[in-house]
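Enquirer: The lines below spell out each chain.
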Amino acid sequence: MQNLGPHRGYHASEDDLSAYLDGELGPRQAKRLERHLRECGTCQRELAELRATRLLLRGVPQRPVPRSFLLPASVADARRRQRAWNAGFVVLRGAAVAVSLALVVLLSGNALLRRGLLPVPGQAGQTAAATALEEPLAVQSQAAAAEEIMPTPSSAVLAAGAQDEQGVLARARAVLPSATAAMEAASLGENAEAAQELAAAEEPTQVRGSPLDHEGPLTALVQEPRPAQPTADGVDGVFSAAAKVGDSDGLTATPNTYGAVPETGVTLELTPMVTALASTPEPTPTSTPAATEPELDVEPLAAEPLVRPTAGDEAPSGLVAAVAPTVAASAEAGEASSASAQEQVPVVPVATPIDTWQQGFHAATGVLVGVLLMVVAGLVWTDHMRRR
Amino acid sequence: MDELEVISAAQKGDVDAFNQLVVAYQQLAYNVAYRMLGDDDRAMDATQEAFLRGYRAIDTFHGGSFKAWILRITTNACYDVLRSTKRRRTTPIDDLVDDDEHSGILEDDQETPEQHVQRLDLDEVIQAALATLPEDQRTVVILSDIHGLNYGEIAAATNVSLGTVKSRLSRARAKMRSYLLDHRELLPGGLRLFDDTIET
Numbered sequence: 001m002q003n004l005g006p007h008r009g010y011h012a013s014e015d016d017l018s019a020y021l022d023g024e025l026g027p028r029q030a031k032r033l034e035r036h037l038r039e040c041g042t043c044q045r046e047l048a049e050l051r052a053t054r055l056l057l058r059g060v061p062q063r064p065v066p067r068s069f070l071l072p073a074s075v076a077d078a079r080r081r082q083r084a085w086n087a088g089f090v091v092l093r094g095a096a097v098a099v100s101l102a103l104v105v106l107l108s109g110n111a112l113l114r115r116g117l118l119p120v121p122g123q124a125g126q127t128a129a130a131t132a133l134e135e136p137l138a139v140q141s142q143a144a145a146a147e148e149i150m151p152t153p154s155s156a157v158l159a160a161g162a163q164d165e166q167g168v169l170a171r172a173r174a175v176l177p178s179a180t181a182a183m184e185a186a187s188l189g190e191n192a193e194a195a196q197e198l199a200a201a202e203e204p205t206q207v208r209g210s211p212l213d214h215e216g217p218l219t220a221l222v223q224e225p226r227p228a229q230p231t232a233d234g235v236d237g238v239f240s241a242a243a244k245v246g247d248s249d250g251l252t253a254t255p256n257t258y259g260a261v262p263e264t265g266v267t268l269e270l271t272p273m274v275t276a277l278a279s280t281p282e283p284t285p286t287s288t289p290a291a292t293e294p295e296l297d298v299e300p301l302a303a304e305p306l307v308r309p310t311a312g313d314e315a316p317s318g319l320v321a322a323v324a325p326t327v328a329a330s331a332e333a334g335e336a337s338s339a340s341a342q343e344q345v346p347v348v349p350v351a352t353p354i355d356t357w358q359q360g361f362h363a364a365t366g367v368l369v370g371v372l373l374m375v376v377a378g379l380v381w382t383d384h385m386r387r388r
Numbered sequence: 001m002d003e004l005e006v007i008s009a010a011q012k013g014d015v016d017a018f019n020q021l022v023v024a025y026q027q028l029a030y031n032v033a034y035r036m037l038g039d040d041d042r043a044m045d046a047t048q049e050a051f052l053r054g055y056r057a058i059d060t061f062h063g064g065s066f067k068a069w070i071l072r073i074t075t076n077a078c079y080d081v082l083r084s085t086k087r088r089r090t091t092p093i094d095d096l097v098d099d100d101e102h103s104g105i106l107e108d109d110q111e112t113p114e115q116h117v118q119r120l121d122l123d124e125v126i127q128a129a130l131a132t133l134p135e136d137q138r139t140v141v142i143l144s145d146i147h148g149l150n151y152g153e154i155a156a157a158t159n160v161s162l163g164t165v166k167s168r169l170s171r172a173r174a175k176m177r178s179y180l181l182d183h184r185e186l187l188p189g190g191l192r193l194f195d196d197t198i199e200t
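Residue numbers (my numbering), protein chains in the order written: chain A, 1 to 388; chain B, 1 to 200.
Excised from the complex, chain B in its bound form:
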């Protein structure tokens, strides 16, 4: 059963069919939510809410990229969490990242302890850099540079034009570059990476 048939069955109210879509996209949705929110619990809540909204609104899907459609719902759920969080908490998102000692990054059995630590450092630095971006720029750079969506998919997921995606991504990358250059000592081999890139 291809994706369109699954979507059609889900539109008829078939929960099992929709759960097939959940299995296919929950990894992506959760990681987007985590990079958007920087917190595992809130990322899970946003992801669950996104799939619940997706099931309720599956009738409004009229073709196109389902990935972009479900990512749009996910990012909107993340925006809602961020808005509600701003009203309640005073802890900056950077502190939440720093407190995350029990990272859920996929473990590689062949990975050495040194490599694991470096990867944790990279994750923390990248998350801290993302936290410095405005929400709209953060979303674009996550979808483009972390998850590899093209401009068209990003435009569909964020409901903006291609030109807006282009400008937002450019500004987001420039800020990320500045942050990483300023914190290159925190990057495992990041300094060498930047130096090698510049030399080449």
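Chain A extracted, bound-state conformation:
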């Protein structure tokens, strides 16, 4: 309401005039409006027009109903059916909400599990069991590593005298501590077992390269101990024998000057074999630069282990330089042995809790999505039916 006091160019609003006409204005506002109307001809005229309009509308005659709008009795049955549909709709709506919530919880839980924010049920017990199973393997690896870290001539001889393939690897490592240490750094203790597998896998190679018999060079050494026969070129003999070992072990460059100094005894024992090997014509199909080395008695045999061009060109003076390829060869051998172990050892797949959970998650998600689709379809149908 605008200024309703003495008329000063202000007028009453249409809302107030209309409400005043209907008696819906408050007592105080009505009195103020009446005071204003006594002094304002414009508002008086407007109020009169509104009153005339209302009188005309009130005078509009009522129209008779053209027909009866009574409801038939059948609407009662329709109402019952509609109530049933309504009840079904309410139930399905609740089911849809419940399934949706379950789906949200499932997806959220899976996301949290994937991010590691939730523990996988049953994972703790299985983890402890897995740790207990891995402990013996770790002890074996540690033992093998300790043997490799502190190679001694005696241990090398014992290893060389062993009949199993593990001895081949141990002896080879003893002959070249630096190489084995490097190999250890490259493949750690896991290569102990892998090397065993590799040695077993390469057994035919040893037989092929041995002119003695079919039992392998090292086995022949142990079974047929020969008296020590010092030779003038003991170093060469050591090199040849070690080269043979390296060849049979796959560690092609392990023979070098390292083995000559600390393992003299071994060298003496190996010399006859080397001599025998040298006397046997080796049908080596390929000739390498190392094979032409005049200082070596085991020239035919040496051609096999020194087949690597980088080291063979400098042998024997460049044997020290051949240590680096030896390390590389050792690493390759370790990898090859690991691959060989993987091929030969049957791997039994073990379902982890995560895998189990993922399988259950996928199954539950599929079920929930299917149920949700059916519920939504039911909702649409019941909503259509209850609106008919």
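Since the hints were made in silico from the structure, they are not lab data.
Heads up, some of the hints might be wrong.
Said to hold, decoys possible - Ranges between beta-carbon positions, derived for each pair: (1) B:Gly152 x A:Leu70: 26 to 32 Å; (2) A:Glu34 x B:Glu3: 34 to 40 Å; (3) B:Thr132 x A:Pro66: 21 to 27 Å; (4) A:Glu34 x B:Asp16: 49 to 55 Å; (5) A:Ala73 x B:Val160: 34 to 40 Å.
As the list claims (entries may be wrong) - Among chain A residues calculated to face chain B with C-beta under 8 Å, some are: (6) Asp15; (7) Ala19; (8) Arg54; (9) Gly59; (10) Val60; (11) Arg67; (12) Phe69; (13) Val75.
As the structure is a computational prediction, the values presented were derived from the model and not from experiment.
The beta carbon of each residue, even a glycine, is placed where N, CA and C say it ideally should be.
Chain B: place on chain A using the hints.
Expert: For chain B alone, coordinates are given in the frame of chain A:
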């Protein structure tokens, strides 16, 4: 049986009880629908639909004015008819009013032919004026000035506040006044009515 008992029986599914309410309010509902729609057939359809909806939704009535409740359903049914009509027809509501030569206005046996013609003219002019209003203002002015509902009943029937009813009614009356003043020659004695009102 008073109205509350009838309503209670209808809420239990008694169709006959609900039909008592239909008999009591069908005149009002139909006239509101007719003034809202300006067409007899659509007014009948809207009225029938309103009572059918009222019977289905009688459980939601929890007291108060049943008249306002059923008028609310009626006006909503009229809005639905208007929306569906806007999508289909292009004929303005004024033309429908002009074509209505067979008016169903209650005949008074004591009414002279001249008075009857004047009344028909008044009905047509009023309906034409209502057609110029927006739907919400039309509803309010019909309920208030034609059917005499107070602001509270109108607020309940239209589901708006008293202030909204007040403002809508004011604007509707102002537009109606302007239309009638512009067409005062069509009013049977309307010019004199306005002049007399202003003079007094």
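Enquirer: Mind checking the CB of Phe69 of chain A against every CB in chain B and telling me if the closest is under 8 Å?
Expert: 5 Å, holds
Enquirer: With chain B as the partner, please determine if Arg54 of chain A meets the hint condition of a C-beta pair closer than 8 Å.
Expert: 5 Å, holds
Enquirer: Just tell me: holds or violated, for the beta carbon distance of Ala73 of chain A and Val160 of chain B against 34 to 40 Å?
Expert: Between Ala73 of chain A and Val160 of chain B, where Cβ atoms are some 36 Å apart, the hint holds.
Enquirer: Does Val60 of chain A pass the interface hint, meaning its C-beta sits closer than 8 Å to a C-beta of chain B?
Expert: Because about 5 Å separates Val60 of chain A from the closest Cβ in chain B, which is inside the 8 Å limit, the hint holds.
Enquirer: Are Gly59 of chain A and chain B close enough, Cβ to Cβ, to be under 8 Å, as the hint says?
Expert: 7 Å, holds
Enquirer: Return holds or violated for the Cβ distance of Glu34 of chain A and Glu3 of chain B against the range 34 to 40 Å.
Expert: At roughly 39 Å between Cβ atoms, Glu3 of chain B and Glu34 of chain A fall inside 34 to 40 Å, so the hint holds.
Enquirer: Report holds or violated for the interface hint on Ala19 of chain A, using the least CB-CB distance to chain B and a cut-off of 8 Å.
Expert: 5 Å, holds
Enquirer: Between Thr132 of chain B and Pro66 of chain A, does the beta-carbon spacing fit 21 to 27 Å?
Expert: Holds: the Cβ-Cβ distance is about 26 Å, inside 21 to 27 Å.
Enquirer: Restraint: Asp15 of chain A near chain B, CB-CB cut 8 Å. Satisfied or not?
Expert: 4 Å, holds
Enquirer: The hint names Arg67 of chain A as touching chain B; please verify it with the least Cβ-Cβ distance against 8 Å.
Expert: Since chain B brings a Cβ to about 7 Å from Arg67 of chain A, closer than 8 Å, the hint holds.
Enquirer: Kindly confirm whether 26 to 32 Å is satisfied by the beta carbon distance between Gly152 of chain B and Leu70 of chain A.
Expert: Taking Cβ atoms as reference, Gly152 of chain B and Leu70 of chain A lie about 30 Å apart, which means the hint holds.
Enquirer: Is the hinted range of 49 to 55 Å satisfied by the C-beta distance from Glu34 of chain A to Asp16 of chain B?
Expert: Between Glu34 of chain A and Asp16 of chain B, where Cβ atoms are some 52 Å apart, the hint holds.
Figure legend: structure checked against the earlier numbered hints; every hint is met.
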